[in-house]
Amino acid sequence: MRFFPYEQPYENQREAMDRIHNSLHRGQNVLFEGACGTGKTLSSLVPALEIAREQDKTVVITTNVHQQMRQFVAEARAITREESIRAVVFKGKSSMCHIDVGYEECQALRDNTRAVVDAEQDRDQLERRQRELLAESQDGDGSAADARSAVMDELEDIEERLEELEDQNVCDYYRNNLTQDTDDFFGWLFEDVRTPDDIYDYAEQQQFCGYELLKEGIEGVDLVVCNYHHLLDSTIREQFFRWLGRDPEDVIAVFDEAHNVEDAAREHATRTCSERTFDSALDELADTDDPRSEDAANVLSAFHRALVETYEDSFGFGDRESIPENWSDVPIANEDRKDDLTLEFLQRYSGSGIDDDLEAAMQLGQELDEQYEEAYREGETATRTECQTLQAAGFVSAWMAEGSAEGLYPVVSVTRDAGTDEIYGRAELYSCLPRQVTGQLFDEIYATVLMSATIQPFDVTENVLGLEDAVTMAYGLQFPEENRRTYAVETPPLFSSDRDDPAVQEDVTETIHDAVRMTPGNTLAFFPNYGEASRYADRLERRSDRTVYLDEPGESVEDLRKQFVADDDAVLCTSLWGTLAEGVSFDGDDAHTVLVVGVPYPHLDDRAEAVQEAYDAAFDGTDTGWRYAVEIPTVRKTRQALGRVIRSPEEVGVRALLDRRYSRSAKSDLGRYSVNGTFPHEEREELIDIAPDKLKFAMLNFYGGHDEYDGEPPAP
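Numbers 1 to 716, taken from our numbering, label the letters of the sequence shown in order.
If you are wondering where the hints come from, they were derived from the structure by calculation, not from laboratory data.
Just to be clear, a hint being listed does not mean it is correct.
[To be verified] Each computed BS3-like pair below joins lysine-lysine, with the alpha-carbon atoms no more than 27 angstroms apart:
| hint | residue 1 | residue 2 |
| --- | --- | --- |
| 1 | 694 | 667 |
| 2 | 338 | 215 |
| 3 | 696 | 667 |
| 4 | 215 | 93 |
Go ahead and model the full structure; you've got the sequences and the hints to work with.
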């Protein structure tokens with residue numbers, strides 16, 4: 001309890017901390033589901049810090065949600081008021097760089113700057129030595145004169161070296177790190193828990209590179225708050241642990257919003273290369289007279305032509321004109337043979353051998369990259385050029401070597417350039433099995449706590465992420481049950497084939513209207529996509545006297561949220577796949593009712609089918625892929641949306657699922673399309689099946705019994 005910063009834990013929080021402490025003491029991984037009010041962050045962080053203090057380890061707590069990052073900082077600051085810990089918040093270099101350069105440029109600048117500073121320090125040291133020797137020789141010491149002559153020769157060499165370095169690119173901020181006293185910075189850093197913005201501002205005032213100082217200062221700290229990619233990207237993770245001065249087995253990792261780890265790991269494992277990279281690589285090769293450039297261009301141009309031909313062949317009448325500005329997939333996979341891009345590549349390639357040409361391209365690319373590094377280092381170029389040949393050759397090598405590997409799915413995508421209206425494509429090796437990333441991580445580090453309000457079913461999470469024998473625990477809502485109602489409203493199932501049916505739309509609209517009308521305050525309404533949200537927002541505006549807010553792609557969600565919560569009699573229509581469905585709280589009177597309209601199945605494209613097939617193959621189940629890749633993520637989305645309201649013990653609210661597939665009674669006739677059984681047992685027990693025309697009476701009685709209505713409630 002020395003790391004617990006408040007007077008008393010919540011109900012069940014002490015038990016959770018005790019169980020997690022025991023598990024971490026044994027080096028076990030933990031899957032921890034906790035509803036709002038469980039105090040998940042401290043339940044995980046407090047025992048992790050205790051074990052880290054006992055066993056000399058570092059706790060890394062990570063999330064991909066900005067609001068949660070702020071919450072972690074607040075909790076860490078509260079802990080430091082009670083118990084001394086050294087905590088830092090770490091973000092990527094791009095968000096903390098004062099001169100806005102990329103990773104490769106930064107590395108070259110650091111090397112150059114250090115070389116200049118080292119040479120200047122050597123010069124200063126030699127100058128002091130030659131003055132000492134001059135004084136000794138003037139006192140009659142003959143050997144001192146000879147020694148001074150040698151020092152003067154060294155000084156001359158150093159001066160020549162400094163002249164050579166004068167034109168090189170350096171970073172003045174990093175130079176100040178190396179030449180000025182930074183003790184005050186580190187004293188300031190550990191007086192409190194500083195955010196990356198705090199560090200950037202303080203370092204800017206002092207003209208320091210705050211990112212590099214932070215890297216120097218995190219060795220051996222007790223707690224680091226960071227983003228997912230610091231752990232999920234194997235290259236970044238290796239560097240990150242080196243900065244921490246920790247081996248992997250000395251790290252305890254806590255993943256927040258852990259239901260997102262699956263998609264994040266898949267994203268980190270996926271490799272892509274666009275047509276424009278191939279264009280640049282071929283231009284690069286045309287500008288070099290190296291004899292290997294012909295072989296390199298031979299193989300890369302064949303792949304480039306095959307990529308273009310593959311997506312061009314996929315276009316039907318009018319398809320080219322309708323290509324949007326976001327990436328759209330072109331199916332290329334085949335069940336009984338290689339994918340279409342590979343087949344087109346093999347047909348177009350002619351030469352001494354693909355492997356030999358790719359090896360020539362890789363070797364030449366590496367040498368060109370070294371030349372670009374040297375040119376930037378020497379100040380011959382203002383920016384550090386990235387070698388496109390190396391990138392393109394590396395991708396084609398991976399495509400040919402790994403394209404048929406388990407869990408990898410070859411994809412071609414196309415997009416439209418908003419500025420030029422040009423159509424161009426990219427090739428992608430899409431990773432279907434996230435455990436190929438996370439399994440290695442969990443094997444390396446000491447222990448992990450994965451926490452979320454929607455991480456069940458535990459066995460599925462273990463299988464998908466590659467966990468073995470994890471300790472599992474779940475705590476539902478700890479708030480008074482009499483303050484909430486959760487309904488499964490038996491409106492018609494919103495199958496995609498039925499969404500345009502006027503009768504279905506009328507039934508759903510009437511039910512939403514009833515729910516909004518019976519809500520004493522604001523209502524949140526989540527839909528399967530933005531199109532459905534827009535459809536019903538229009539219908540509600542024509543029927544309701546409430547203010548209707550519509551969340552639309554590309555618009556500021558935060559501005560919309562502020563307008564909505566400032567109202568007291570409104571409805572907000574949004575997509576379940578938007579940013580408001582999780583990580584955003586609607587506390588107090590921000591919203592009293594939340595509606596989930598329809599079942600938000602993801603877009604079932606070829607990628608989704610590939611993931612399902614990969615899961616079927618990996619876990620030996622005929623329907624495993626559908627359950628793991630579609631049904632469970634869909635219900636998690638629904639549960640996340642339901643959790644946007646009732647955020648404290650005093651709050652009163654209604655949560656309603658508008659689609660017959662959620663009801664208990666539909667399980668017998670809807671089969672696999674019923675999702676009732678996918679909810680955890682405790683949440684299923686709270687679901688009350690109700691007819692659409694009865695919902696208004698149920699809500700009127702519920703809210704009326706809690707004095708929520710000011711004056712007379714609306715007539716049902």
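Outcome of the hint check:
1. 694 <-> 667: holds (21 angstroms)
2. 338 <-> 215: Distance ~46 angstroms between residue 338 and residue 215 Cα, so the pair is violated.
3. 696 <-> 667: holds (24 angstroms)
4. 215 <-> 93: holds (10 angstroms)
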